[in-house]
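Going by full-length UniProt numbering, the sequence shown opens with residue 1, and the numbers climb by one from there.
Think of the hints as simulated: they come from the structure by calculation, not from any bench. Since the model is a prediction, treat every value here as computed from it, not as a measurement. Each hint can be trusted.
Using 25 Å as the maximum straight-line C-alpha spacing, the simulated DMTMM-like pairs for lysine to aspartate or glutamate come out as follows: (1) 100 x 46; (2) 208 x 172; (3) 208 x 255; (4) 242 x 228; (5) 242 x 226; (6) 84 x 172; (7) 208 x 224; (8) 100 x 255; (9) 100 x 88; (10) 100 x 66.
Pairwise CB distance ranges, derived in the manner of DEER restraints: (11) 219 x 276: 25 to 33 Å; (12) 74 x 132: 32 to 40 Å; (13) 178 x 158: 21 to 29 Å.
Where is the CB? At the ideal position from N, CA and C, for every residue including glycine.
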Amino acid sequence: MRDIAPPSPAVVVAIDGSRRALNAALWAVDEALVRDLPLRLLYAIEPHEPAQLDSLCTAHDFAVAESAVRHAAMAIESTNRPVKIEVEIVYERLLAALAKASQSAAMLCVDAACFGEAPSTHRGVVLGQLLDQSHCLVAIVNGEEPAHRNRSIVTGFTDSPECPTVLGHAIDEARLRHAALRVVTGWRPRFTDIQDSHATAEGTRHAKLNLEHALDRYRRLYPEVDIEAVAVAGSPINYLAKHVDTVGLVVLGHDTANQLTELGDPGLYAALTDLNCSVLIAPRYGPW
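Turn these sequences into a full structure, and let the hints steer you where they fit.
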């Protein structure tokens, strides 16, 4: 029996015929170009129940899929960017198709609403499942425009083993999109500090000094990137909430994103909706 060669590496975008999915594809063009990889437009046809399956229904589904990917390809070609476009139409549930594609992809790109009209809590669960099954970067593209121009990129800084890798991805995005990078660290005030503004200010100052020291190496390596250290009392999410109009992309580690997509919590999906920004999530750190 002859072995089937695995798919070649690509930046994979989920296409469903919507404008939001098209924006995700346009956002992904730069990601494919910088990696010298093709942009693969993936359309997953949701399988029907056996009782509902017939040749006419199947032909209609494929016609809809072909129309959607053709429209997306034409929109990408109209940008005159020299990206190679590939098309893949599969008869499979979207989550399974994306998980399979991630085994050879450099990045998966989906729009924030690509998992149908389910309630936001369910979408958060589905996103969590995608992150658990994905072997590559996952970009969840949000907003009515394909890119948030003149907006900053934000990432967190922790003592997690995945932090250097996540910061590296954030720097790559800042360089690619010519955007400022805001690296945010949070510190936890003691109970007695909560009502003490001086103690809170001192704690924030100390946390920022430590972060500045940690970022010195990256500033020397990437002098072309505007890297700003930001320290906040409490969770870095507080920074995002206060700067909702200036953030275009949040870069997270797998563990952090997983915490936002816990079962029963809309988490990441709600944050996407409220912040109107995109999120890039690194794959799981370490061995599977």
